[in-house]
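Position chain B relative to chain A; hints supplied.
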Amino acid sequence: MYVSSTRADAPLARPGSGRGVVVTGNVIALGMVSLVTDISSEMVTAVMPVYLVTGLGLTMLQFGFLDGLYSGVTVFLRLIGGHLADRFAARKPVAVVGYGMSAAAKLGLPLVGASVPGIGAVLAADRAGKGLRTAPRDALISLSSTPEAQGRAFGVHRALDTVGAFTGPLVAFTILAAVGTAYDAVFVVSFCVGLVAVAMLVLFVRDHRDPPEHRPGWRDGARLLRDRPYRRLCVVAAVLGLVTVSDAFVYLLLQHRLEIRPHWFPLLPLGTAGVYLVLALPLGRLADRVGRRRVFLAGHGALLAAYLFLGGPLGGVPLLLTVLALHGVFYAATDGVLSAAVGARLPAAGRAGGMAVVQTGQAVGRFASSMVFGALWTAWGPETAIRVLAVALAVALFGSTLALAGRRVRATRPTEVPDVR
Amino acid sequence: MSVDIDSDADAPVKPVVTRRRVLVFALVLVLLAGIAIGYTVYAVRREDDRLYGGDGTAPGGPPLSLVGAPRLLFRSTESGPGYGRLATVAAADPGGPRTVGERSCDRVYAAGGTAVCLATEGGLTRTPVALVLDANLRQVRRVELAGTPNRARVSASGRMASWTVFVYGDSYASMTFSTRTSILDTHTGELTANLEDFTTTRDGKELKSPDRNFWGVTFTADDNTFYATLSTNTTGRTYLVRGDLSARTMTVLRENVECPSLSPDGTRLVFKKKVSQSTRNPWRLHVLDLATMRETPLAETHSVDDQAIWIDDRTVGYALPTGSGAAGDVWSVPADGGGAPARLVVGGFSPAPLR
Numbered sequence: 001m002y003v004s005s006t007r008a009d010a011p012l013a014r015p016g017s018g019r020g021v022v023v024t025g026n027v028i029a030l031g032m033v034s035l036v037t038d039i040s041s042e043m044v045t046a047v048m049p050v051y052l053v054t055g056l057g058l059t060m061l062q063f064g065f066l067d068g069l070y071s072g073v074t075v076f077l078r079l080i081g082g083h084l085a086d087r088f089a090a091r092k093p094v095a096v097v098g099y100g101m102s103a104a105a106k107l108g109l110p111l112v113g114a115s116v117p118g119i120g121a122v123l124a125a126d127r128a129g130k131g132l133r134t135a136p137r138d139a140l141i142s143l144s145s146t147p148e149a150q151g152r153a154f155g156v157h158r159a160l161d162t163v164g165a166f167t168g169p170l171v172a173f174t175i176l177a178a179v180g181t182a183y184d185a186v187f188v189v190s191f192c193v194g195l196v197a198v199a200m201l202v203l204f205v206r207d208h209r210d211p212p213e214h215r216p217g218w219r220d221g222a223r224l225l226r227d228r229p230y231r232r233l234c235v236v237a238a239v240l241g242l243v244t245v246s247d248a249f250v251y252l253l254l255q256h257r258l259e260i261r262p263h264w265f266p267l268l269p270l271g272t273a274g275v276y277l278v279l280a281l282p283l284g285r286l287a288d289r290v291g292r293r294r295v296f297l298a299g300h301g302a303l304l305a306a307y308l309f310l311g312g313p314l315g316g317v318p319l320l321l322t323v324l325a326l327h328g329v330f331y332a333a334t335d336g337v338l339s340a341a342v343g344a345r346l347p348a349a350g351r352a353g354g355m356a357v358v359q360t361g362q363a364v365g366r367f368a369s370s371m372v373f374g375a376l377w378t379a380w381g382p383e384t385a386i387r388v389l390a391v392a393l394a395v396a397l398f399g400s401t402l403a404l405a406g407r408r409v410r411a412t413r414p415t416e417v418p419d420v421r
Numbered sequence: 422m423s424v425d426i427d428s429d430a431d432a433p434v435k436p437v438v439t440r441r442r443v444l445v446f447a448l449v450l451v452l453l454a455g456i457a458i459g460y461t462v463y464a465v466r467r468e469d470d471r472l473y474g475g476d477g478t479a480p481g482g483p484p485l486s487l488v489g490a491p492r493l494l495f496r497s498t499e500s501g502p503g504y505g506r507l508a509t510v511a512a513a514d515p516g517g518p519r520t521v522g523e524r525s526c527d528r529v530y531a532a533g534g535t536a537v538c539l540a541t542e543g544g545l546t547r548t549p550v551a552l553v554l555d556a557n558l559r560q561v562r563r564v565e566l567a568g569t570p571n572r573a574r575v576s577a578s579g580r581m582a583s584w585t586v587f588v589y590g591d592s593y594a595s596m597t598f599s600t601r602t603s604i605l606d607t608h609t610g611e612l613t614a615n616l617e618d619f620t621t622t623r624d625g626k627e628l629k630s631p632d633r634n635f636w637g638v639t640f641t642a643d644d645n646t647f648y649a650t651l652s653t654n655t656t657g658r659t660y661l662v663r664g665d666l667s668a669r670t671m672t673v674l675r676e677n678v679e680c681p682s683l684s685p686d687g688t689r690l691v692f693k694k695k696v697s698q699s700t701r702n703p704w705r706l707h708v709l710d711l712a713t714m715r716e717t718p719l720a721e722t723h724s725v726d727d728q729a730i731w732i733d734d735r736t737v738g739y740a741l742p743t744g745s746g747a748a749g750d751v752w753s754v755p756a757d758g759g760g761a762p763a764r765l766v767v768g769g770f771s772p773a774p775l776r
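Those sequence lines, one after another, are chains A and B. Under my numbering, the residue at position 288 of the first sequence is numbered 288, and the numbers go up by one with no gaps. Heads up: take any position in the second sequence, counting from 1, add 421, and you land on my numbering.
None of these hints come from the bench; they were simulated from the model. Hints may be right or wrong, so weigh each one.
[Unchecked claim] Part of the chain B face toward chain A, derived, beta carbon under 7 Å:
{"hint": "1", "residue": "Val438"}
{"hint": "2", "residue": "Arg441"}
{"hint": "3", "residue": "Arg442"}
{"hint": "4", "residue": "Leu444"}
{"hint": "5", "residue": "Leu448"}
{"hint": "6", "residue": "Leu453"}
{"hint": "7", "residue": "Tyr460"}
{"hint": "8", "residue": "Thr461"}
{"hint": "9", "residue": "Ala464"}
{"hint": "10", "residue": "Pro491"}
{"hint": "11", "residue": "Val553"}
{"hint": "12", "residue": "Ser630"}
{"hint": "13", "residue": "Pro631"}
[What the hints assert, rightly or not] To list a few chain B residues with every Cβ distance to chain A over 12 Å, as calculated:
{"hint": "14", "residue": "Val488"}
{"hint": "15", "residue": "Thr541"}
{"hint": "16", "residue": "Thr569"}
{"hint": "17", "residue": "Asn645"}
{"hint": "18", "residue": "Pro762"}
[What the hints assert, rightly or not] Derived DEER-like restraints, expressed as beta-carbon distance ranges:
{"hint": "19", "chain 1": "A", "residue 1": "Arg209", "chain 2": "B", "residue 2": "Leu444", "range": "16 to 26 Å"}
{"hint": "20", "chain 1": "A", "residue 1": "Pro117", "chain 2": "B", "residue 2": "Thr713", "range": "56 to 66 Å"}
{"hint": "21", "chain 1": "A", "residue 1": "Phe76", "chain 2": "B", "residue 2": "Thr439", "range": "31 to 41 Å"}
For each residue, glycine too, the CB sits at the ideal point set by N, CA and C.
So here's chain A without its partners, still in its complex pose (with noise of 0.2 Å):
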């Protein structure tokens, strides 16, 4: 591992100094918070289900309509807390009040009760935090890192980001033991360990600083847009998560396909998040060396070949193995490489922004492909979806490559830079 120690106030190594330590302390606080705050939310998460059925009942199968609502919610507000951090140049403040609405979210669950609209609201306060704080922070990893750095700070970052998707369920499960059912006890406990993350945001995470005569607004925004590679990107990343199926739907597949014990379900996205656990430093690290959009490229090749051994003839656990491998490599070659991409091509002060716009454009294209995926299950069967979805993602993938690979963008790959290692 090249990820620095964090002593205080140590520059790191800088590129060309010899050493390959680029990752600054500020990427492993931001990675910590993400940790911690996953701990939090995943205890809820794990409690959710017991305490709506006990204070709910089946009421709370009418959750399902405000679904669409909440996605819409995130979208927004990631725009929102994109714009806004660039503009006031406070990627750090909008972070520590996205993260602090989720925390304070946790609070809120025990003191609505069993109302739904309540219940509704508390969640949709939790989302809405989660959308505003996710451009401004990564806007802040970029900004914490040496352009040609961007992949494995994500790298980093992502990787400790799924440590707390691991370690959450487990200390969630310990708590649970211990309470019973004092429900509220994991709600407050959650809400304290959500602080811990804020407080280790607010201390040890320092904001980029910016000349102070820059104040991006809307217009500049919209010129990003002229930036060519930049532009290719967002439209790649759309276009690229319109033919991405939901995780659910490649699980329901799997359970489809294989018949898992309904007991072992849950563990099937821990399969995924290992793999991304494990890959997502290295990957990013080849990202940096290689080009990120040819890693991005070859990671939806990844979720191309799970489509296909979803549709094809493999069965039994080799298939399981295989597919969740796939997916691992999928998410760890794409989701903080995409944002290392977009990270190397943005002006400091357009950031946030910037990525805002290539994720809701990303987010937006997965949420249309799960209903038009839906659509084609519940016409044509789960195997021709699949196989449907496969020949699209390959037509985009390859349409994808070409859009990518042009002259121009070839020549802002840093590639220049010499190989850290």
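Chain B only, in chain A's frame:
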């Protein structure tokens, strides 16, 4: 501050880990840990007191059995040492003294000498399980469940058992609730893990939507035909289906029927019907005559979120969170739409008639 300000906009941001900040963080950590631990201790004591601190009937007396004089079996929710355990009262005097057994269940149903008990096994992982019990409540089969127990039913002969659990899926982008309903043939041991695998038709056309949910099975006397609820997340509407276990098929019969429960004579279903979009008071118990398909609203005006039972051919029973016990009471109401609800058991949940 030992960190010097970096004026170059494109240079990396430097960390700010100073001794003073670490100290402040340590203080925040200690404070928050104190709040978390303190509140947890308080909440655990409070719950202990609420559930087990009362003077409700303690477990003991003659061991519970499913055979013998007509009684009502239920989960005792009186505050006291018997909280959460199975208990019975005499059918003729449900308000009289209860016998509380040793076994704890979150949900229970029994018929024909077989009981199904949905419980959460303790320990670190808290595994939800369905336990099939014999007439002396000894465990004969254990099935691990994928979610939170919600409904349980046994056919009149005691052969077929069914249960529904809630499964909760969460990903970064969406939160979904779904149900999973299983049927167990206790004679052959064959487990139908998920009704979603059955072929379901509506107006002669096969339903293929991947988000179908089923819950609340009730069996007919042939131990093969059953009724249940179908719903899809996308529309939120509910449908009554009639299923054929050996053929693995289901047919949609009617809209807006949830948690059907077949009368002992097999002629009527009591079910909960959605009568309001409000989340406070969404359902009302109705009885559906299967010959005429006529619906009759029952006299209970509270919203009932339960799969009702038939105490006899004229009376249905159900649990309501009316707040007398730590979790509610068992009520009854005439099945013909007349009369008025009556409280049968104070501090009880998940009733099942033992005939």
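Close enough to count: is the Cβ of Ala464 of chain B nearer than 7 Å to one in chain A?
4 Å, holds
Hey, does the Val553 of chain B contact hint survive, CB to chain A under 7 Å?
Violated, because the Cβ-Cβ distance from Val553 of chain B to chain A comes to roughly 17 Å (cut-off 7 Å).
Given hint Leu448 of chain B near chain A, where the shortest CB pair must fall under 7 Å
10 Å, violated
Does the beta carbon distance between Phe76 of chain A and Thr439 of chain B stay inside 31 to 41 Å, or does it fall outside?
Roughly 38 Å apart at Cβ, these two residues keep to the hinted range, so it holds.
Against chain A, does Thr541 of chain B keep a CB gap of more than 12 Å to every residue?
8 Å, violated
Is the interface hint satisfied for Tyr460 of chain B? The criterion is a beta-carbon contact with chain A at less than 7 Å.
5 Å, holds
State, for the Cβ atoms of Arg209 of chain A and Leu444 of chain B, whether the hinted interval 16 to 26 Å holds or is violated.
25 Å, holds
Would you check whether Ser630 of chain B satisfies its interface hint, that is, whether its CB is within less than 7 Å of any CB in chain A?
5 Å, holds
Classify the hint on Leu453 of chain B as holds or violated, based on whether any CB of chain A lies nearer than 7 Å to its CB.
4 Å, holds
Would you settle whether the hint for Val438 of chain B is holds or violated, based on the nearest Cβ-Cβ distance to chain A being less than 7 Å?
Hint holds; Val438 of chain B Cβ to chain A Cβ min 5 Å, cut 7 Å.
Confirm or reject the statement that Asn645 of chain B sits farther than 12 Å, beta carbon to beta carbon, from all of chain A.
Since the minimum Cβ distance to chain A is about 23 Å, Asn645 of chain B lies beyond 12 Å and the statement holds.
Restraint: Pro491 of chain B near chain A, CB-CB cut 7 Å. Satisfied or not?
29 Å, violated
Violated hints, listed in ascending order, are 2, 4, 5, 10, 11, 15, 16, 20; each of the other numbered hints is respected by the structure.
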